[in-house]
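Visitor: Here the working numbering is used: position 948 in the sequence shown is 932, and no number is missing along the way.
Incorrect hints may appear among the rest.
[Said to hold, decoys possible] The list that follows gives simulated cross-link-like pairs (lysine-lysine, DSSO-like), each with its CA atoms no further than 27 angstroms apart:
no., residue 1, residue 2
1, 429, 494
2, 546, 627
3, 695, 663
4, 209, 172
5, 627, 561
6, 443, 320
7, 171, 211
8, 119, 237
9, 306, 295
10, 394, 429
11, 561, 497
12, 494, 504
13, 320, 295
14, 209, 171
15, 647, 557
16, 557, 536
17, 603, 627
18, 457, 546
19, 494, 536
20, 497, 536
21, 583, 604
22, 237, 295
23, 209, 295
24, 119, 192
25, 561, 663
26, 557, 538
27, 295, 271
28, 557, 497
29, 271, 237
30, 546, 604
31, 604, 494
32, 494, 394
33, 557, 504
34, 443, 494
35, 457, 394
36, 754, 728
37, 237, 305
38, 497, 546
39, 801, 751
40, 271, 348
Note that these hints are calculated values from the structure, not bench results.
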Amino acid sequence: MVWKPQGTHMWCTGFMLCGEGCVEFLLRDSEIISALPKKPLRAICRSGRQKDAPEPQRHSTGTHAQQAFRSEPRNLTVRMGATAVLRCEVLRASGTVQWVKDGLLLGPQRSLPGFPRYSMIGNPTRGQYHLQIEKAQLEDDASYECQVGRSESSRAIISSTVWVNMLIPPSKPYFEVDMATPWTAGKKYVVTCIAPDAKPMAEITLYKDGVELTGVESFNMSGSKDKLLNTHAEATVTALSSDNGRQLACHAKNPALFRPVETKMTMSVQFPPQPPVIVGLEREEVKAGRILVLECVSHGGNPLATLHWTKNKEVLSTTWKKDIEAQKSISILYLKITPADNQAVLCCESVNLVSLSPLSVSRKITVLFEPEEVTLLGEFTTIEGQDLVLNCYTTSSNPPVQIRWWLGYKELNSSVVTIKEGDNGGMITISNMTHIVSREDDGLKLTCEAFNQGTHFSKSQTSILNVYYPPLKVWLDTPPQDVPLRSGTTVRLICFSTGGNPPGMLTWFKNGKALSDALKQTSFDRGVARELVLVLTASDNMATYRCDATNKAKKTISAHTKLMVNFTAISMKISTKQEELRRGQMLTLECQSGSSNPKASISWSVGALSFQGVEQPPKKAHFGGVSVHSSLSLNLSSQHHNKRVICQAYSPVLAEGANTFFKLNVLYPPEFSPEQPTKVQVVENDIATIPLLVSANPEEVSCIWLHRREKLVKVGYLRYNWSDDNTLEIRNVTRNNAGVYTVKCSNDEGVNQTSVVLDVQYAPSVKAEKDPVLVNLGETADLICVADANPIISDMFFWKWLGEGEVEVGQETQEDKYGLLTIHNVTRAHAGLYQCTANNGISPPATVDVQLIVQFKPQIQKGVQWRKVASRGDGTTTAEIVCWAEGIPRVDFSWEKNGVLMDFANHRYEEQTVNEGSFQTSTVRVVNVSAALDYAVFSCTARNSLGEDKLDIQLVSTNHPDPPTLFRQVNVTHNSVTLEWIPSFNGGLQQRFRIRYRSDQSASFLYIDVFPPRASTFTVTGLQPVTTYNFSLNAINAIGESGYADNNAVLTITTMERPAEVIIEESGWPAYLTGALTVVFGVLLVLNSLGCFFGLRWKKRRGQTGGKGGSVFGGKKNEEDGSSQSAVSNSNKYESREKINAAAQRTLLLDSGSESDNNVYESYAAESSHYYYPTGDYMPPLRPLPEEKRRLDVTHLPLDAQRHLYEDVRDGGLYQDILASSLPSPPSLFDHRLPHQRNEWRSPTYPQQAAERARDVRQLQRDSDLPFELRGELV
């Protein structure tokens, strides 16, 4: 086998004998990816299949014929990054098709694992197995084969070997020449250009200033990767001064490039400048004090010359500037003439990098001068009582001067004068003076005056006389000497000194040795102080610290102190006399601690174990401390090997200590780890690996394996194999290989052995104990499946709900081979199909399905929206009262009116029942609703064998709406507020909402009608920042208004501050646009006022002349059934911010209009906070199932589709421009899913014939039949 790295995996191909044949296999990280037979194989393999058993069929084409290549791959040449496709088409393919790259099988999958850029494309049904290589790289430059494995009907075939030749463009070429160092004119240079990493090699052309260079020699070298070449091209170039600033170019190309790649460099050639010239010195004689301005100029040179001035060969100036355009260098010298410049030689030199020697020009000057200065020499600081010797002299002058001495205002005559020749032909006058000083002379001025009567030249030099005398007193500020201090503590020692001139210099000493780390000396009003900051160590214990105060008066006074310091052991050492350590020996260790104060206690530890050694009496040691010695004896075991024995000296006073360790090297025979497995489980036909966890010292261990008392050997038996760590591998393991395996290991110290049990396992099969399972609602359901597997493991069974949505599966338990799913308190949502999966970790898992049927008593769909139906009671309308129930077994309905059983023999009452599985709907139709007779409570009772349920439904008159509820704030900004509420009962008509608000600074309210009318959220805009507003909300329909929401509650909200960016944007609003909008708004306001005025007049006339119509939403009676069509309000979505049963949103509200002369409105406190859904958006689902209608004279007759009024309710008619789109279709009344899972609506179905007949019954309403606010067109 040969392992090769590929990507993030290791790949290996190899061959394995199996009977009389062999199989080529592909491994990825020890995982078998594919296997391909290499020749016919009919014998029995050791896997356990019977001889001549049929091979598994890999491909089936419907025929049994020899497979062959329709087309074989061909050699390809591909540019890097392109997509390469190697074609391979196989006729009658029946074996496994794989591609081979450089002898490595890529696998039979279409998307090849481990090769993300490789895939097999084409139509496999047509035998197309083309290898596609995306974004081709250098690693794809290899040989490829298309191989088809052997099958039952055909031998294996292999295509011819083809090559993919990659074209790799060269990287950007570069010059291998040091251009950081400029060239020198006249010299020759070798220029090398390299074009790296190309395939095939690159061709290089060199250019100098656009002209191709001749005599270029090229050669190739290996690139950064295999198969890549670096091309080197060399040429010899003679540098010329004219080449300066010109370019050298290198062009490289090969077939992978459409145009050459190039690189350039600029040549820099250097040459010398011309000699310099001095401008500005006309005469050689000058006076002292004059400033000369001299200019030195040098022309030409590359680089331009550097200039510098010298005076008497001493450099004066190295500053110059370059004039690139004029190609010259200029240096200007500003020289102030002094007497020292007399007979000086000024020189200017020019030079550049290639000059053979500097070029220069020089001039000499003569200076006329007077004495320049008077110098007073001597020690002006002295100790009182000593002689003061001073010297005063002038610089060279002509004529010489006379010198006089002054101390304060007193002239001193004790002086000796000497005159001698000075510099530049002048004369120097020297005066020496001696004076005995006293403390009173301190601070007086001592003056030397030089006077010349001939030139009237006078100049003096003055110094202050400083007389020294010693300090008066020294004292210390330190911790008390008898108080012990902790090692590591920071202490401060301060030394003070007063008196003396100058103030005393303070110096700290430790045991007589000066300390250099004291803080800087500071001064105060009467003396000086110096602080010494110490971090205490062992050496500070009983050390003497002294502070000396001295000054230039050379007299010292001192003060001293001592410190008491507690410290831990300063050193630790462990020693032993034994050289070799073996298991079972007794080891004695000696631990010696260094000096400590006070005495430390020694303890021992090995790992987490602590020991107390034998301690000897302490001995005196360094720094006034004591040393402690302790010994420890250990009975050595293998567990001690490589362990550290720690010796610690601990000071209870300091609560800390010091430690050291001794590492143990214990020799012992082989020992098996407690983690050595005693049992290994393996799946039949897999590879069994029995690890060996053994340790020993020495580590060189030899081991042998025994099975059934026979020694296992590798030779002649290919199943057994073990690696360097003696781990045993058994390939193609069978049940015969199960049993106890013993391993014996030995080294120089002895022998040991252990045993491991091998357990062979197999995949499970599973079946249901009982199917289906029937259970009543609320009881406990037990679903059981039985598995046959080895091993039987815990948590082997997994139950899964196969229905829609999500359901809590229940409690899963396992008893040996039985998997039990227990569902306590079964609900309807639990009914359905469950899948039991048995998985003991061996593929494939086994599954079985179990059906659960839940029986429950009837449950009626309830809620406020089901408890009210609104209709006019003038005898012209028809109302339908709906009761939906669900139950298993089938549900029967009965109805009561005000507690009295209803008689459906009365022709004014009809009842029909629709059944759909567990869903049943009973609808009572009240014809010609009368307020006196029919405004009542209708009770619906649903029964089956398990129980019953009841719902009271109230038939009421149309009226003004109920106030909205839960009015609250959603969001607030600096100029807007977003509000939200829940609509209440709409009174049987379409309702809309109006918001009333005002600011705390306004006395009147503003009103806003919510648009669209059915919305339950609205944003009020145009508000002022940081302003408090009061908001209220009510509902309005065609009859009237409701009270304000939440019992006339007022919502107080304060707007936020205006953001800075909003201020910037709003400030830029154009003035002309503001004016135009104001005019348009005014016109619309006038038109709105006129519309309201004429609308109110029309409504008033309508009220006078339309009384016979009976209602705002009046309609013509249906000639076929004698009833009036129902007028419905626009649909309102009554929503809650809490989860509710989605089926509860399907309340049916039918109404034929509003009574103009009846203001009766019935409500119940218990029904507040419920949600209503008008019939304009609702239609009960009518399924094409048998229906029943009970009348006075006919029973059990099929329901006439022409008698349905559902389509009348749904008909848009004139409302299509006014009413919003209908609500989503309601879901099934009862759902097996839990309430929070019912998030989908199910559209009802209707018989096509019934829909057509219903359209015939419908008559369009006139615009005059509508209330005023519903007339006209939406503009």
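Visitor: Is residue 306 close enough to residue 295, meaning Cα to Cα at most 27 angstroms?
Guide: Given that 27 angstroms is the threshold and the Cα spacing comes to 23 angstroms, the pair holds.
Visitor: Tell me if the straight-line CA distance from residue 443 to residue 494 falls inside 27 angstroms.
Guide: Distance ~54 angstroms between residue 443 and residue 494 Cα, so the pair is violated.
Visitor: So if I understand the rule, the pair passes when the alpha-carbon distance is 27 angstroms or less; does residue 209 with residue 295 pass?
Guide: Roughly 64 angstroms between the alpha carbons, so the hint for residue 209 and residue 295 is violated.
Visitor: Taken at face value, is the distance from the CA of residue 546 to the CA of residue 457 at most 27 angstroms?
Guide: Measuring from Cα to Cα gives roughly 20 angstroms; hence the hint holds.
Visitor: Within a Cα-Cα threshold of 27 angstroms, do residue 557 and residue 504 meet the stated pairing?
Guide: 41 angstroms, violated
Visitor: Residue 627 and residue 561: Cα distance at most 27 angstroms?
Guide: 18 angstroms, holds
Visitor: Holds or violated: residue 557 with residue 538, Cα cutoff 27 angstroms?
Guide: With a Cα-Cα distance of about 50 angstroms, the restraint between residue 557 and residue 538 is violated, given a limit of 27 angstroms.
Visitor: Need the status of pair residue 754, residue 728: alpha-carbon distance at most 27 angstroms?
Guide: 53 angstroms, violated
Visitor: Mind checking the alpha carbons of residue 443 and residue 320 for me, to see if they're no more than 27 angstroms apart?
Guide: Holds, because 21 angstroms separates the two Cα atoms, which is no more than 27 angstroms.
Visitor: Tell me if the straight-line CA distance from residue 209 to residue 171 falls inside 27 angstroms.
Guide: Roughly 38 angstroms separates the two Cα atoms, so the pair is violated.
Visitor: Run the distance test for residue 237 versus residue 295: straight-line Cα separation, threshold 27 angstroms.
Guide: Between residue 237 and residue 295 the Cα gap is close to 61 angstroms, so the pair fails against 27 angstroms, i.e. violated.
Visitor: Residue 497 and residue 536: Cα distance at most 27 angstroms?
Guide: 21 angstroms, holds
The structure shown violates the earlier hints numbered 1, 2, 4, 7, 11, 14, 16, 17, 22, 23, 24, 25, 26, 28, 29, 32, 33, 34, 35, 36 and 37.
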